[in-house]
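Spelled out from the first residue to the last, the chains are:
Protein chains: 2
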Amino acid sequence: MDYLKGLAAAALISITFSVIPASGNIALPETVAARGHVNGGTAGEAGGGTRAVRPEGFGEGYTAGSESSKKLIDDVNVFVGTDGFGNVYPGPQLPYGGIQISPDCDDKDYDCAAGYKYSKPFVQGFSLTHLSGTGIPDLGDFLFLPGIGQEIKPSKLDHSKESAHPGYYGITLDGGVKAEMTAALHSGLFKFTYPEKNGAYVMIDLDHTLKWDCEWSDVRLLDEYTVIGSKVVAGWNPGRYVYFAARFSEPIKDFTILQDGKPVIYNTKRFRSSMEAWGKKLQVIVRFDGDSSPFIIRKELAEHGTDGHALVGSKKDGQFQLEIKVAVSGVGTDGALLNLKELDGKDFDKVLAEAEATWEEALGAYSLNSEDKTLRETFYTSVYRTMLHPFVFQDTDGRFREHDGTIGKAEGFTNVTTFSFWDTFRAFEPLMNLVNRPLQADIANSMLAHFDKSAERMLPYWSFYGGETWCMIGYHSCSVLADMILKNVPGFDYERAFQAMKTTATNPHYDCIPEYTTLGYVPFDLEKESVSKTLEYAYDDWCIAQVAKKLGHEEDYEFFLSRSMNYKNLVDPETGYMRGKDSKGAWRDPFAPIAYQGPGSVNGWGDITEGFTMQYTWSVFHDFDGYVQIAGRQRLKKYLDELFTIELPEDIPGAHDIWGRIGGYWHGNEPCHHVAYLYDYFGEPWNCQKWVRYVAKNYYGNEPGSLSGNDDCGQMSAWYLFNCMGFYPFCPGANWYYIGSPCVPGMSVTLSNGKKIEVTTKGWSEDAVYIKAAYLDGKKIGSPIIRYDQIKDGAKLHFEMSRKPVKGAFKK
Amino acid sequence: MDYLKGLAAAALISITFSVIPASGNIALPETVAARGHVNGGTAGEAGGGTRAVRPEGFGEGYTAGSESSKKLIDDVNVFVGTDGFGNVYPGPQLPYGGIQISPDCDDKDYDCAAGYKYSKPFVQGFSLTHLSGTGIPDLGDFLFLPGIGQEIKPSKLDHSKESAHPGYYGITLDGGVKAEMTAALHSGLFKFTYPEKNGAYVMIDLDHTLKWDCEWSDVRLLDEYTVIGSKVVAGWNPGRYVYFAARFSEPIKDFTILQDGKPVIYNTKRFRSSMEAWGKKLQVIVRFDGDSSPFIIRKELAEHGTDGHALVGSKKDGQFQLEIKVAVSGVGTDGALLNLKELDGKDFDKVLAEAEATWEEALGAYSLNSEDKTLRETFYTSVYRTMLHPFVFQDTDGRFREHDGTIGKAEGFTNVTTFSFWDTFRAFEPLMNLVNRPLQADIANSMLAHFDKSAERMLPYWSFYGGETWCMIGYHSCSVLADMILKNVPGFDYERAFQAMKTTATNPHYDCIPEYTTLGYVPFDLEKESVSKTLEYAYDDWCIAQVAKKLGHEEDYEFFLSRSMNYKNLVDPETGYMRGKDSKGAWRDPFAPIAYQGPGSVNGWGDITEGFTMQYTWSVFHDFDGYVQIAGRQRLKKYLDELFTIELPEDIPGAHDIWGRIGGYWHGNEPCHHVAYLYDYFGEPWNCQKWVRYVAKNYYGNEPGSLSGNDDCGQMSAWYLFNCMGFYPFCPGANWYYIGSPCVPGMSVTLSNGKKIEVTTKGWSEDAVYIKAAYLDGKKIGSPIIRYDQIKDGAKLHFEMSRKPVKGAFKK
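Top line first, the protein sequences correspond to chains D and Y. Under numbering that gives the first Met the number 0, the first residue of the first sequence is numbered 0, with each subsequent residue one higher. Under numbering that gives the first Met the number 0, the first residue of the second sequence is numbered 0, with each subsequent residue one higher.
Keep in mind the hints are simulated off the structure, nothing from the lab. Heads up, some of the hints might be wrong.
The list treats identical chains as interchangeable, and a pair is accepted whether it falls inside one copy or across any two copies.
To be verified - Here are the simulated EDC-like cross-link-like pairs (lysine to aspartate or glutamate), alpha carbons at most 16 Å apart as the crow flies:
hint, residue 1, residue 2
1, K210, D108
2, K279, D212
3, K160, D108
4, K152, D776
5, K345, D73
6, K280, E214
7, K549, D492
8, K196, D371
9, K279, E214
10, K696, E765
11, K761, E557
12, K761, E799
13, K70, E359
14, K779, E553
Pulled out of the complex, with its shape left as it was, chain D reads as follows:
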């Protein structure tokens, strides 16, 4: 979750809340569960089993469901998170694939950030690019909509006519056109089945973009079968160029270009080709009936256009079946055409079968020991969501759009894009450092390519499609690279990475880094969200220091380690909370741990990013013990208890899309993701166990509304997967994890080195959330911590579970 809508920065409210006294093991009020988007949430009525029965005739290339041996893709419900504020899309994509074809329901709704929302009434069409789980909409490029007749309008979204699974989405639209789609790595395929050929059309909308404006576009009928185009978007990525190519299985008989909904009139003055157009609000309507063709006299062109054609549209039962190969590129229409070639000789069924097989293999890295449908779907859908972003952002020849808009070529790595590091440094990246280290090398090299072309000479913050949004705070690219380097992820240049981290963390322009360096904190009179920034800078500095140490840069180690202690400068001697300080050294006054403090933050939160002090004060990942020594153990423990028990009003301005709330613990946003594990620190691991199991049970699930907040490019799902294993990376960059409580009765995951982490339990049940004893490779674990070295080459974790807290569980 990274952005909140509908909150004027000026409308700052100071709120005081009552705190319920904490007890060791409080009973949850019923209202807590009722308050959030717990399984189903607002969309609970609509959700549930929409894909349990596949409507007849959908996904014909898909045979898994009819075989006796179940397949893992059957355990993924791609609709999970498509309602509420999960902001994910149900459409087909290969693992980390460069094209994300999916239905769009509302390109104007800010909370429809991935285009689709389960509870929306209409489908506008199917666009080729999507962001998974982001709080801000973008992409949604090149919308395709099939139909019959003259009227071109969105179709009713009827879930009874819809089916989807990894690699496949299909729906029957108004007028009876069945629209199906699947994806390869740089390209994809539509299959549109019309009741008849007469009147059948495909509309391609060049203007359609999720939320943002298309500033310029062009489109061209390249040959009798092929349409290409481009667009420039003034978006979240401030200047984004994207290109597409579409090759039809049937010859195009009519190609009509519309501008602003009206046909472009040709020949009113000078000649103007009806085969290409430039400008804004462009759409084309392609038809296949009639005897003539735009190329009727130019046979040589039709021949030219059939190069590489393998598709043959076929009629069945009087139906008209059309297949369209599509590809996108950040390079150019030539890149998009090149990407199409990966589909040479393949039809829809073939590509779909390959997509399904690819997903089956990818999902197979994880094995769940449970036949419980809800658990299986929750688990494998979470696995699926960690395999979407970042995604390939280069053509098949390695060319990609660099951060400065020039065209580069990835040598020795695959360029990937969409980095939501404020979110993903927490669990997604540490998970990948266990299970997908080749991906991490690609991420690292792509980050460094971005750095090399950055005007500010900074590593990416929140970047996609070659552009930097500067979204969120900190410089967690340094955490991300540090976790890789410290865990010896191979495939990139550590020294080059370190120099980039150092340059990034000393940028003189970025959000008060100079003041942070000289004063020791980000002053609230000069910078918004100053407390959150100070805390996260300090943590990132610690990460850089660890890398400096490893690479032998002693002086840098001292500099960044020293700066990483800056968090101490904001520990309020009076309350022990992290508290804003201005550039003169004066504390924020008045101050309250639950208040919108100070003007002008992005979201109106004041000194804190998307939350209150009581939530953010825990962001001392790297030296929590140091914080305790200043603020006092008793006091902080009390604050932690209060966080989970405080009663807050439901309607909190700025938090409309953050749910999964237990008092002030908001699982629907990232700042709380590590907080429950502090009970391990405070010697009450049973409270950690209680809360993580509560979260896993109530704020994850297998229905459209199950996600309690934005999936944030897999971070929410990665949190779940770590908790299925029973541990969590409290401080990425460090070599240890806190133990929580396994959310599933048993599972295993294959690491990048082929070794396995196997988790088994005894006495596990939904109610048995407490650990009686934990074993690593047969040895009892004596504290709620396991180390990276203990699991990196595989491990057998065994948990004995209990329905009641076991206070001595980690005694040897």
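Position chain Y against the provided structure of chain D, taking the given hints into account.
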């Protein structure tokens, strides 16, 4: 001249004019000369000798003027044609150079198509790209304006503080900043000399575009010395992308980006880099005073940025002198940066000296035997104007933006752009087929590259910067290629060219080509300017037929030769004029040879393109004898006489920028350019001689207003140069020329093969316009025709002149 402004297509007027009976040798009424833009025209007061005295301190690198031996660049007055409607620019460019740096006076004025106009009061700044002599504005990209202080506004245009010659333009602006500029092939240099460093700025305007709208742009401070940027223009070229790079000799201390005139505010919400921006209406202000730098803390970047720096700004007499290396590219900012490298190690004076030397050598292909200042300046300025367009449109590595927007690489040729073929097929291209055949090979290969990427699979019509405007009529690319092929210009594939010509001329979409083929003419009820189109299609078909014949395509030869006779279908049996016919075969009725006939033409002219029937009826270049056989010799001869003697009102809607009028003979536009030579056909060469000398004397000259119409990428100037030699290519593609009357007493020109055409005269004077006898290599010429074969390997032409018509001059 290609486009007329301010004439609503609907406002059609039928005009009848009185015709003065023609006589063999009429006296010109005084009003004829007074009517047009004869030497000086509207700007006559302002013009005259502005560069005769070079203001002190201008063009210091330029030494030619101070040497005893005169240089040819002294004979070029780059201001000729900058007033009235010549639409040329005075700024520096190398021969056919890819950058055209020049002052812009008014980016909103349609009649300021090249940016500069001599009579305008202000200079807005200096932009990097310009079109030479076009009727429609475009380009004018990346405006640089130096100044002092806080106020940023256009400067007064004071001709007493201005100086220019080939390769150089300089002016002192308000506030005392001297702005000088010179050019290399892909790059150029500014030298700005400020009274002091304090307050000195350079404004770069990304939005500035002549007439059209910049739809998108971005700009970035790349390093302490370098700014890069791009823009997308919805222009005459419907979707144009252009990029620039600028490297400053002094470190940039302040870099302020403005949007819509207001500073872009940073850090209001999230961080936003002050070193880059995207969007519309962007400007940047660069300053050099102060102690800080945007890169102050990042020394490594400043070092990074100095790669390849050779410039060192120097102070002289307390002045602040700044040099800026600039380059443009159609490929990307990387292309622009690459192009800058051609300036490595060179400063302003060095590049200027090289530019002057290059021009001196280029102009040296021509030698004029006259010391008359007016003649010399008219002559060498005409030579200069034939060496500007087309211009290089590729980066130094050969990469260029193709017609489909992708990036290609020119292999074995240099890609050039800006083809105004409706104009230039007449004289410019035939001239180049004599004097610059390597350029022609580049033109041919660039045309074919365009063809290969054309959606319509057509050769270029009126194209520039990778885009097609579809401006004007016909398919004169076929004439252009035919003239090359039939004159054996080497360096391109004739067969490939022929296939492209054939495909172009049979395009089923283009302006009624199918109807023209089946009906035998373009019907006026289906197509505007139907008569002009029929005539020009027929001529172009003849050209294609000649190539078909040469290459042995017998069937194609028959087809196109047959179609080239289509002009006959519009010869009105009643009047003998070319007359419109509708698709049912009915003649245009009512009909008059001087009338706006029929609705909906681009300019409101009706069946005719930019003129009346009485002017266009002569466009049977290839078979005038055939026309005469149908319409009658007597009648057509009478019409020809009437053309030169008719009295027309001065204010003719649609012709505001067409001057140089002798009755209905309008030299300021191309349709008449060949018409005077018909007197050779009709056996009255003395009338041809009279009119061409009248035109040369009165509608050419050495003052800003001397050009009688748009120079049209050198066509007007090429007409003059042919007439200096005493002959003219009446029918490009044919192997002969009509003899006119030499406009100069003697000259020579070196052909591509190193051979010379030498023209000498006896008895030549301004009044001795008539030929008494003509000799080719010593032999008396027996008819007013010379053949290509007679001059292609050099020739000595000698004319004996007379003040009175000599009727038997061409008797043997």
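Structure-based check of each hint:
| no. | hint | verdict |
| --- | --- | --- |
| 1 | K210 with D108 | within (7 Å within a copy, 37 Å between copies) |
| 2 | K279 with D212 | both (9 Å within a copy, 13 Å between copies) |
| 3 | K160 with D108 | neither (24 Å within a copy, 59 Å between copies) |
| 4 | K152 with D776 | neither (60 Å within a copy, 77 Å between copies) |
| 5 | K345 with D73 | neither (24 Å within a copy, 68 Å between copies) |
| 6 | K280 with E214 | both (9 Å within a copy, 13 Å between copies) |
| 7 | K549 with D492 | within (13 Å within a copy, 63 Å between copies) |
| 8 | K196 with D371 | neither (45 Å within a copy, 77 Å between copies) |
| 9 | K279 with E214 | both (6 Å within a copy, 10 Å between copies) |
| 10 | K696 with E765 | within (8 Å within a copy, 103 Å between copies) |
| 11 | K761 with E557 | neither (47 Å within a copy, 93 Å between copies) |
| 12 | K761 with E799 | within (5 Å within a copy, 119 Å between copies) |
| 13 | K70 with E359 | within (7 Å within a copy, 79 Å between copies) |
| 14 | K779 with E553 | neither (38 Å within a copy, 95 Å between copies) |
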